[in-house]
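Asks: Going down the list, the sequences are from chains R and P.
First residue of the first sequence? That's 336 in the working numbering, and the numbers climb one at a time after it.
First residue of the second sequence? That's 88 in the working numbering, and the numbers climb one at a time after it.
Hints may contain errors.
Here are the simulated SDA-like pairs of lysine to any residue, each with C-alpha atoms no more than 25 Å apart in a straight line [claimed, not checked]:
#: 1; chain 1: R; residue 1: K849; chain 2: P; residue 2: G250
#: 2; chain 1: R; residue 1: K603; chain 2: R; residue 2: Y620
#: 3; chain 1: P; residue 1: K301; chain 2: P; residue 2: T323
#: 4; chain 1: P; residue 1: K141; chain 2: P; residue 2: G160
#: 5; chain 1: R; residue 1: K603; chain 2: P; residue 2: S240
#: 6; chain 1: R; residue 1: K800; chain 2: R; residue 2: K607
#: 7; chain 1: R; residue 1: K530; chain 2: P; residue 2: W174
#: 8; chain 1: R; residue 1: K603; chain 2: P; residue 2: Q235
#: 9; chain 1: R; residue 1: K800; chain 2: R; residue 2: L762
#: 10; chain 1: R; residue 1: K519; chain 2: P; residue 2: R261
#: 11; chain 1: R; residue 1: K369; chain 2: P; residue 2: A131
#: 12; chain 1: R; residue 1: K807; chain 2: R; residue 2: V797
#: 13; chain 1: R; residue 1: K519; chain 2: P; residue 2: Q134
#: 14; chain 1: R; residue 1: K607; chain 2: P; residue 2: G242
#: 15; chain 1: R; residue 1: K471; chain 2: P; residue 2: R261
#: 16; chain 1: R; residue 1: K607; chain 2: P; residue 2: E258
#: 17; chain 1: R; residue 1: K519; chain 2: P; residue 2: A131
#: 18; chain 1: R; residue 1: K471; chain 2: R; residue 2: M460
Note that these hints are calculated values from the structure, not bench results.
Only a predicted model underlies this, so the values are computations on that prediction, with no experimental measurement involved.
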Amino acid sequence: MSHISFSRRQVLAWSALAGGLSAMPLASQAQGAKTALNLAMVGEPQTLDPMASSADLVATIMQHVYEPLYTFDAKWNVVPLLAEALPTISKDGLHYTIAIRKGVQLHSGRELDSADVVASLKRWMDVSPRGKAVAKEVADITPKGTHAIEIVLRNAYAPLLPQLALPSGMAAVMARESIATPLKDFVGTGPFRFKERRPDQYVLLTRFEHYAPRKEAANGYGGAREAAVEELRFIPVPNANTRVEGALAGQFHYADLLPIESLPRLEKSGGKVVPVMTPSFGFPYLVFNTKEGVMSALPLRRAVQAALGEGEMLAAGFGDTRFFVPEGNHFPKGTPFYSDAGVADYNERNPGKARTLAAQGGYKGEPIRVLTSRQYDFHYNMSLIMAEQLKRAGFKVDLNVVDWATLVQRRNDPKLWDIYVTHSGLLPEPMLSPPQLGDGAPGWWSTPAKQAALSAFNQETVPAKRATLWAKVQKVVFDEVPYIHVGTFNSLSARAPSVQGYVASTWPFFWNVKIK
Amino acid sequence: MSRLAGMLAVMAIVAVMVFVLTRAASGDPVSVLLGDQASAEDIARVQRQYGLDKPLVLQFGYWVKELVQGNLGQSIFLQRPVTQALWERAEPTTLLALMAVLIATCIGVPCGIVSAVFRGRAVDQFFTGLAMLGASIPSFWLGLVLMQLFAVSLGWLPVSGYGDPDASLIERLRHLVLPAGVLGMLNSALIIRFTRAAMLDVLDEDYVRTARAKGLGEWPVVLKHALRNALVPIVTVVGLTVALMIGGAVVTETVFGLPGVGNLVVSAVLRRDYPVIQGALLIVAMIYVVINFLVDLLYLWVDPRVKL
């Protein structure tokens, strides 16, 4: 008869292994069943400081914790959130008086007051790239009593309210005692409060029981907000196919930004998931180096514009025609800044005209260095088509395919590139993106026509007049070609059928969302 | 002592190579961290904050100085020490590697033995083919196929991640079954080949023939006389497999969204988080060295004739 025996050494070895494993950090233990939404996101947020980065992922998560003074409704109008109402603006457009809602609780249990708002906005202007742009226009911010503030501008600056309302690089209002750089305690006023972050595993937010919602009905990011579930779990799932499989298997309540090729599988899932399309999600654009190199000559930039067929590029980038709109207008129809100024120069795909313009511009066969990345498949696919279109028009093209980190470094050096390929979310205010409309962004576009058009646009505070002035800016962009707006694209996400009340949006939000 | 000095020398070479290779790749962590809207001044300010504006020699000197004191540095993105970031990810990677090695060994050793015993027969051809297949299939492809089968279609196992925040150890282990299965199956190919070759070598030895002549049955001969003597190369390849798992886990952890060391390395490379890349690669190299050393020690136990 055989028997199993252990030597003392073996027992010790197994004990050490078991001890080692139990000493490793374990996830928090069960507290009983919770209503929680498992949300598969595209990656790990760079930071949780909503001011420090303008990354969309940071905004998507932290907009549940922090709130700005203003936000956008479903039609991209600026509406109050922590502010009581829209501001009172002096006739010269320099003084903005903003009343703050009373009875708003911070996550620390104290009531929000004007000192918190002033301290937060000052930090925003100090830390946030967007805030810094606004800081140049602001002379002073002061509290007016306990529940109002005044912003004094140096010059009339119409984008102020949209800047204050944008979720990315957010002008987040935080408890003044929590303010630090880097931010360690995340004390805001949102319907969810920060609980825990485990990098590459999850960011956990829990319901804030003392949240003070607005009285108005929910409308876009505006109106009443309610934490209808107890917990939000933002889970980084960088592999897009894994997000698809996880959604199909019912592991995630929501899966963000899925490959368009996965749509047929989602549609044929037999009701396991509901595909969600977010229209006008973003726009790809090509930035030209106007400072150095072959593209610094305007006639050559115009030649490239004539050579390109943006429709073909979008088709290569996005495939399914439901997911892109070949349109030169920078804002879609039905939005306040829609204009067709200059769009005759869009999607020309005219190699003959391009050759003539290139010859007039003195093109001698220098290679055009196109900086692109495979981080986003559509960047790379569009770049391949663009290269072919340019070659057909007689240009030499040197396609530099690098990873994203390399691209964002190289684009800062004007000696290294002529065109780079990128994209942006479609934001409700033209001055928010692309950064080339501001000063100093890669591409270094700075001309008298740009300054004149943008100066008039930025100083006009009447919305209807701003729309007309935007048309002039758009025309200058087509005339001077500092960048090419390739078109508009929609995004694909998916939700579980049990998730109710989700509204497709650029920065997905999960207040007012229930699990059936 | 000389062995320890050799290990230290290897680590020193690895440290230099890791630093040089990391910095030789273009890209800048600060541009990625701050995003599109950051101005050149912002980027320069944060580069100063992390000492990235200093000459490379100085940066290297500072890193080595910290290393000697046992400090791997501070992650640029995670805002926590690299050692803490690695420790937080140690559990899934360790458990994944152990499970995968167990699966690889349980598949590889028996298949290798059977293959050797039935040399040239159909069963041998089958296992040899299986080993070839295992060596050729990319792990991400097998991962997606198994995911579709066991998670999406059958719903037996979770697709990805490491369980909910309040998941029990059993639940977390469930999340490891698919990735460990992928790693284990693919790596068993190597063990099949090595076990087969090692067994074939000893099955022709005189003492095996003697054992048979004594009238022992075939399987006692194979398992007690042949396998015992074939163990040295098998232990070597299992040890190598453990080391390979840590490298192989990079792709598998990414596909299955496991918050392990492999995933950390991939994220760190994409965002050029230099301290994390350097720290993680150094630790992985150290694990390789230690595993090799442990395998050497195991020889003593497996075969007392071996002298180190």
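Asks: Taking the hints in turn, state whether each one holds.
Replies: Okay, the hints, checked on the actual structure:
no.	hint	result
1	K849/R / G250/P	22 Å, holds
2	K603/R / Y620/R	33 Å, violated
3	K301/P / T323/P	31 Å, violated
4	K141/P / G160/P	16 Å, holds
5	K603/R / S240/P	13 Å, holds
6	K800/R / K607/R	48 Å, violated
7	K530/R / W174/P	21 Å, holds
8	K603/R / Q235/P	15 Å, holds
9	K800/R / L762/R	19 Å, holds
10	K519/R / R261/P	34 Å, violated
11	K369/R / A131/P	45 Å, violated
12	K807/R / V797/R	16 Å, holds
13	K519/R / Q134/P	21 Å, holds
14	K607/R / G242/P	12 Å, holds
15	K471/R / R261/P	55 Å, violated
16	K607/R / E258/P	23 Å, holds
17	K519/R / A131/P	23 Å, holds
18	K471/R / M460/R	9 Å, holds
Consistency with the previously given hints fails for numbers 2, 3, 6, 10, 11 and 15, ordered from lowest to highest.
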